[in-house]
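K.L.:
Sequence:
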Amino acid sequence: MSLDSLNELTRRDATAEFLKCCGSTKWAQEMTAARPFATEQELFTRADDISVSLEDEDWLEAFRAHPKIGEQKAATVQSHQEQKWSAQEQTGVAEASAGTISQLAERNREYEDRFGFIFIVCASGKSPDEMLAILNSRIDNDQRAELRIASEEQRKIARLRLQKLLG
Numbered sequence: 000m001s002l003d004s005l006n007e008l009t010r011r012d013a014t015a016e017f018l019k020c021c022g023s024t025k026w027a028q029e030m031t032a033a034r035p036f037a038t039e040q041e042l043f044t045r046a047d048d049i050s051v052s053l054e055d056e057d058w059l060e061a062f063r064a065h066p067k068i069g070e071q072k073a074a075t076v077q078s079h080q081e082q083k084w085s086a087q088e089q090t091g092v093a094e095a096s097a098g099t100i101s102q103l104a105e106r107n108r109e110y111e112d113r114f115g116f117i118f119i120v121c122a123s124g125k126s127p128d129e130m131l132a133i134l135n136s137r138i139d140n141d142q143r144a145e146l147r148i149a150s151e152e153q154r155k156i157a158r159l160r161l162q163k164l165l166g
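According to numbering that gives the first Met the number 0, the sequence shown is numbered sequentially starting from 0.
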């Protein structure tokens with residue numbers, strides 16, 4: 000999709016496209032309202048600005064739109080495009096050893112029990128062992144710190160997906 004095409008979408012269709020990039024309804028609605036964007040850089044800058052304004056509940060909503068690392072299904076319904084992007088972002092997990100997959104699953108459960116939301120990491124370009132190490136390094140964080148880190152990872156994911164959206 001071109002930037003011009005994105006700018007010309009109806010409000011409903013634009014919000015749906017932005018929700019593919021970040022599962023926060025508030026973020027998607029504010030991105031829709033911020034149109035038209037003159038340049039891709041303006042789009043990315045506005046996305047970052049809106050991200051900074053999100054509340055905890057907005058981030059938690061966004062996190063629910065992601066499958067757990069190593070899984071295919073998110074807690075909320077995903078579009079075909081979101082499922083495809085998630086699979087691409089987690090391609091390294093498919094090549095992981097059974098032991099690493101098992102450890103990821105166990106640590107994911109521990110993380111979710113501890114924080115109340117799934118482990119979010121911008122997985123693109125990361126090996127399964129690297130993701131496991133990141134998960135292990137974050138699991139002892141306090142709630143506030145971890146929500147801040149997870150929201151930054153979500154912001155990175157949204158940026159990558161905006162780039163994919165514009166093809």
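No wet-lab data here; the hints were simulated from the structure. Predicted model only: the values in this text are computed from it and were never measured. Each hint should be verified, as a subset may be incorrect.
Keeping only pairs whose Cα atoms sit at most 25 Å apart, straight-line, the calculated SDA-like set for lysine to any residue is [unchecked claim]:
1) Lys-67 / Glu-41
2) Lys-125 / Thr-38
3) Lys-163 / Ala-144
4) Lys-67 / Glu-129
5) Lys-25 / Pro-35
6) Lys-163 / Ser-1
7) Lys-155 / Ala-97
8) Lys-125 / Phe-114
9) Lys-67 / Arg-34
10) Lys-67 / Ile-100
11) Lys-163 / Ser-4
12) Lys-125 / Arg-113
13) Lys-25 / Arg-147
14) Lys-67 / Thr-38
15) Lys-155 / Asn-135
16) Lys-125 / Arg-147
17) Lys-155 / Ile-133
18) Lys-163 / Asn-135
19) Lys-67 / Ala-15
20) Lys-25 / Gly-124
21) Lys-163 / Arg-108
22) Lys-25 / Glu-111
23) Lys-25 / Lys-125
24) Lys-67 / Ser-4
25) Lys-25 / Arg-63
26) Lys-163 / Asp-139
27) Lys-25 / Glu-129
K.L.:
Each hint should be assessed against the structure and marked as holding or not.
P.N.:
Now the hints, each set against the structure:
1. Using a Cα cut-off of 25 Å, the hinted pair Lys-67 and Glu-41 is violated, with the two alpha carbons roughly 31 Å apart.
2. Restraint check for Lys-125 and Thr-38: not satisfied, since their Cα atoms lie roughly 29 Å apart, outside the 25 Å limit.
3. For the proposed pair Lys-163 and Ala-144, the alpha carbon gap of about 29 Å is over 25 Å, so the pair is violated.
4. Distance check on the hinted pair: Lys-67 and Glu-129 sit about 15 Å apart at the alpha-carbon level, within 25 Å; holds.
5. Proximity of Lys-25 to Pro-35 is assessed by CA-CA distance (about 18 Å); at most 25 Å being required, the pair is judged to hold.
6. For a cut-off of 25 Å, the pair hint linking Lys-163 to Ser-1 stands: about 11 Å separates their Cα positions.
7. The hinted pair formed by Lys-155 and Ala-97 fails the criterion: a straight-line CA distance of about 28 Å is larger than 25 Å.
8. A threshold of 25 Å between alpha carbons decides the hint, and for Lys-125 with Phe-114 the separation of about 23 Å falls inside it, so the pair holds.
9. Using a Cα cut-off of 25 Å, the hinted pair Lys-67 and Arg-34 is violated, with the two alpha carbons roughly 32 Å apart.
10. Between the alpha carbons of Lys-67 and Ile-100 the distance comes to roughly 12 Å, so the proposed pair stays at or under 25 Å and holds.
11. Of the pairs offered as hints, the one joining Lys-163 and Ser-4 holds, with about 14 Å between alpha carbons and a cut-off of 25 Å not exceeded.
12. With a C-alpha separation of about 24 Å, the suggested pairing of Lys-125 with Arg-113 holds against the 25 Å cut-off.
13. Restraint check: the Cα-Cα separation between Lys-25 and Arg-147 comes to about 18 Å, which is no more than 25 Å; the hinted pair holds.
14. Using a Cα cut-off of 25 Å, the hinted pair Lys-67 and Thr-38 is violated, with the two alpha carbons roughly 33 Å apart.
15. Of the supplied pair hints, the one linking Lys-155 and Asn-135 holds, its CA atoms being roughly 20 Å apart against a limit of 25 Å.
16. For the given pair, Lys-125 sits about 20 Å from Arg-147 by alpha-carbon distance, which is consistent with the 25 Å threshold.
17. Restraint check for Lys-155 and Ile-133: satisfied, since their Cα atoms lie roughly 15 Å apart, inside the 25 Å limit.
18. Distance check on the hinted pair: Lys-163 and Asn-135 sit about 29 Å apart at the alpha-carbon level, beyond 25 Å; violated.
19. For the suggested pair Lys-67 and Ala-15, the alpha carbons sit about 22 Å apart, so the restraint of at most 25 Å is met.
20. Under the criterion of a C-alpha separation no larger than 25 Å, the hint pairing Lys-25 with Gly-124 is inconsistent with the structure, at around 28 Å.
21. About 30 Å separates the Cα atoms of Lys-163 and Arg-108, which puts this hinted pair outside 25 Å; it is violated.
22. The hinted pair formed by Lys-25 and Glu-111 meets the criterion: a straight-line CA distance of about 23 Å does not exceed 25 Å.
23. Distance check on the hinted pair: Lys-25 and Lys-125 sit about 29 Å apart at the alpha-carbon level, beyond 25 Å; violated.
24. A distance of roughly 32 Å separates the Cα atoms of Lys-67 and Ser-4; the hinted pair therefore is violated under the 25 Å criterion.
25. Using a Cα cut-off of 25 Å, the hinted pair Lys-25 and Arg-63 holds, with the two alpha carbons roughly 14 Å apart.
26. Proposed proximity of Lys-163 and Asp-139 is contradicted: the alpha carbons are some 33 Å apart, above 25 Å.
27. The suggested pairing of Lys-25 with Glu-129 is violated, with an alpha-carbon distance near 32 Å, which exceeds 25 Å.
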